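Protein chains: 2
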Amino acid sequence: MSEALKIGSTVGILGGGQLGRMLSVAASRLGYKTHIFEPGANPPAGQVADQVTTASYEDEAALVAFANAVDVITYEFENIPTSALDILEAHRDIRPNREALRVSQDRIIEKNFLSGLGLKVAPFAAVNSAADLDKAIETIGTPSILKTCRFGYDGKGQARLNSSGDAANAWADMADAPSVLEGFVNFSHEVSVIAARGPSGEVACYDPGENVHVGGILSTTTVPAKLSAGMRMDAVLMASKILNELDYIGVMGVELFVTAEGLIVNEVAPRVHNSGHWTQNGCAVDQFEQHIRAVVGLPLGDGKRHSDVVMENLIGDDMDRVPDLLVESHVAVHLYGKEEVKAGRKMGHINRVSPDSK
Amino acid sequence: MSEALKIGSTVGILGGGQLGRMLSVAASRLGYKTHIFEPGANPPAGQVADQVTTASYEDEAALVAFANAVDVITYEFENIPTSALDILEAHRDIRPNREALRVSQDRIIEKNFLSGLGLKVAPFAAVNSAADLDKAIETIGTPSILKTCRFGYDGKGQARLNSSGDAANAWADMADAPSVLEGFVNFSHEVSVIAARGPSGEVACYDPGENVHVGGILSTTTVPAKLSAGMRMDAVLMASKILNELDYIGVMGVELFVTAEGLIVNEVAPRVHNSGHWTQNGCAVDQFEQHIRAVVGLPLGDGKRHSDVVMENLIGDDMDRVPDLLVESHVAVHLYGKEEVKAGRKMGHINRVSPDSK
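Taken in order, these protein sequences are the chains called Y and S. Sequential numbering of the first sequence, starting at 63, is according to the numbering used here. Sequential numbering of the second sequence, starting at 63, is according to the numbering used here.
So that you can see chain Y by itself, here it is in the shape it has in the complex (with noise of 0.2 Å):
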């Protein structure tokens, strides 16, 4: 695949999440149509897509169906089974590339991908037992955060040591999956840099989003974030660094720690990102149609910034504040079309514009 697909071509997104539904939508806006691959029952993103195939990530006919009936394949997630990726590869090219994957799917992997590369990350150490963690709070110290090596988004699979006397729960919370100690970064904020990179290795970058978490969960998005312009060209050019690095096709999340000796990464996801959900009410071109661009092989949008944007979540109970929110000046919603209100479930989000910024 060398050059653009053809407009009307179709996009297979594995996984029928929000990511994947605002990706379908994106895709839409450039002319092309979308297949979703999803194992759960009525996906969120098959509301907006072409076509769904709902079966299974072990169910090899139906990956090889999928694959056959899509012209490339993409991701809303990075937890695909190898085996699956093993299959459908087989068939249409997957973008980003598996190279991505495997690095941002392992913690221990990543951060020593990013060691590799100069960038500073968090001190850490592999623990896969009890014992390790004992050893591995001599060298890290506390506090430090237990950390499943796969799997953990959202705060999950992450147990925080005040001292060595936590480490026995924090063990046990990760039932015996293997781990990873992060040791402290005293940072003042986090930032992501949500960054692109197209086939023939052009890169645009987003402007930085300043991150606040609450309870583990993204919480809101600003942009500008506080940020030297010193700081702000580093952010881009570590990012540029590793999606050239991975030869890189497709939006990458990257987030980075801001402190008093510079920006840490703190990880790196393979995808559009939460944190980049302000461009699609601040942009000409968002982070989704920037990913859906650079898979299909367009050229890339600029990124440019035309407005200031506060991007808040909307968790669990915020959609009683939906009736509100409708009816503020300035504030695009966003709801994602999930069936069922959880504690802790990302229903939907909010862009607020400052038309004013400029």
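Keep in mind that the hints were calculated from the coordinates and are not lab data. Mixed in with the good hints, there may be bad ones.
A pair holds if it fits inside one copy or across any two, identical chains being indistinguishable in the list.
[To be verified] Listed next, the in silico DMTMM-like pairs over lysine to aspartate or glutamate satisfying Cα-Cα at most 25 Å (straight line):
(1) LYS366 to ASP386
(2) LYS408 to ASP228
(3) LYS288 to GLU151
(4) LYS68 to GLU401
(5) LYS404 to GLU264
(6) LYS303 to GLU264
Just so we're clear, the structure is a prediction, and the values are computed from it rather than from any experiment.
Chain S: place on chain Y using the hints.
Chain S only, in chain Y's frame:
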């Protein structure tokens, strides 16, 4: 239907073109599903809808099944056969209502309605024969325009008379369809107001846009329009008057000629309107979402504009410009997923956002 439809409900949309497509995307942002009814195969709207019914407006069983599968019905075009509306309305509310359709489907009924409200329209006379036309020319004069009363769009079903010598050819162009001769209005430019009204009677209008047509087809809409503060207020009041009189629910496009003597109503469209596409990138709540809000009974957004925008239609071979447009700063490209490029066919549009406009 007195309160808002529950999130997750389904909006039925008659018509599967680009307007239905963008309505469907807007519905998804609010957590609603859509079901498209369209006689033509592979409608653009179907690519981003939850369900599609491909059937004729004469297919009573299909109409009944569609009505029963949705929670409310709206439409993207005004020329829906009355018989189909009768069947649908027996099962579900149609919004905007039948009266709005009746008035806007026929140019003479429309002009009489508008005049009855005290609004200025171009001088006009009904023409049902060559003799009628000769008589009409005596009172209306030339230059003037002969138009079919029904089914005209994008300049189709129109013939210009520069002198009475053009009468025979003009009448021949109408192919015996009931027609209307409209007197020439000496206007400096055309503006349109995209206005919305909810079930409780609340009205919200977008800032008027300035329209430029080429060959009878809308080419560009620019906001803000060249318009005095007084005329801006007049435009909004006129639109509100029309909506209130019709007990209207939804978005309406109201085209106005700007003359030295004030605003003259050209025509109204009981639906989202091409001249309102700029709202997608100029407002937090665009015309498509505003229409869905009204139709499902959610409160209207306030319609405030956060940016200056120039909307430009991509017609036929304009598609060749897409590669260049994709890389222009602050340009949002919206393509409609139509399979075949034809001369005069609306293939997409762009919104050029001015970031330094405030």
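Cross-check of the supplied hints:
For the homomeric pair LYS366 and ASP386, the shortest alpha-carbon distance between copies (16 Å) is at most 25 Å, but the shortest distance inside one copy (30 Å) is not. Taking CA atoms no more than 25 Å apart as the test, LYS408 paired with ASP228 passes in neither setting, with 30 Å inside one copy and 65 Å between copies. For the homomeric pair LYS288 and GLU151, neither the shortest alpha-carbon distance inside one copy (41 Å) nor that between copies (55 Å) is at most 25 Å. In this homomeric assembly, LYS68 and GLU401 come within 25 Å of each other (Cα to Cα) only across copies, at 11 Å, whereas the closest approach inside a single copy is 35 Å.
Taking identical chains as interchangeable, the C-alpha atoms of LYS404 and GLU264 are never at most 25 Å apart, the minima being 40 Å within one chain and 33 Å between chains. When the C-alpha separation of LYS303 and GLU264 is checked against a cutoff of 25 Å, the pair qualifies only within one copy, where the shortest distance is 12 Å, while the shortest distance between copies is 53 Å.
Hint check: violations occur at hints 2, 3 and 5; the rest are consistent with the structure.
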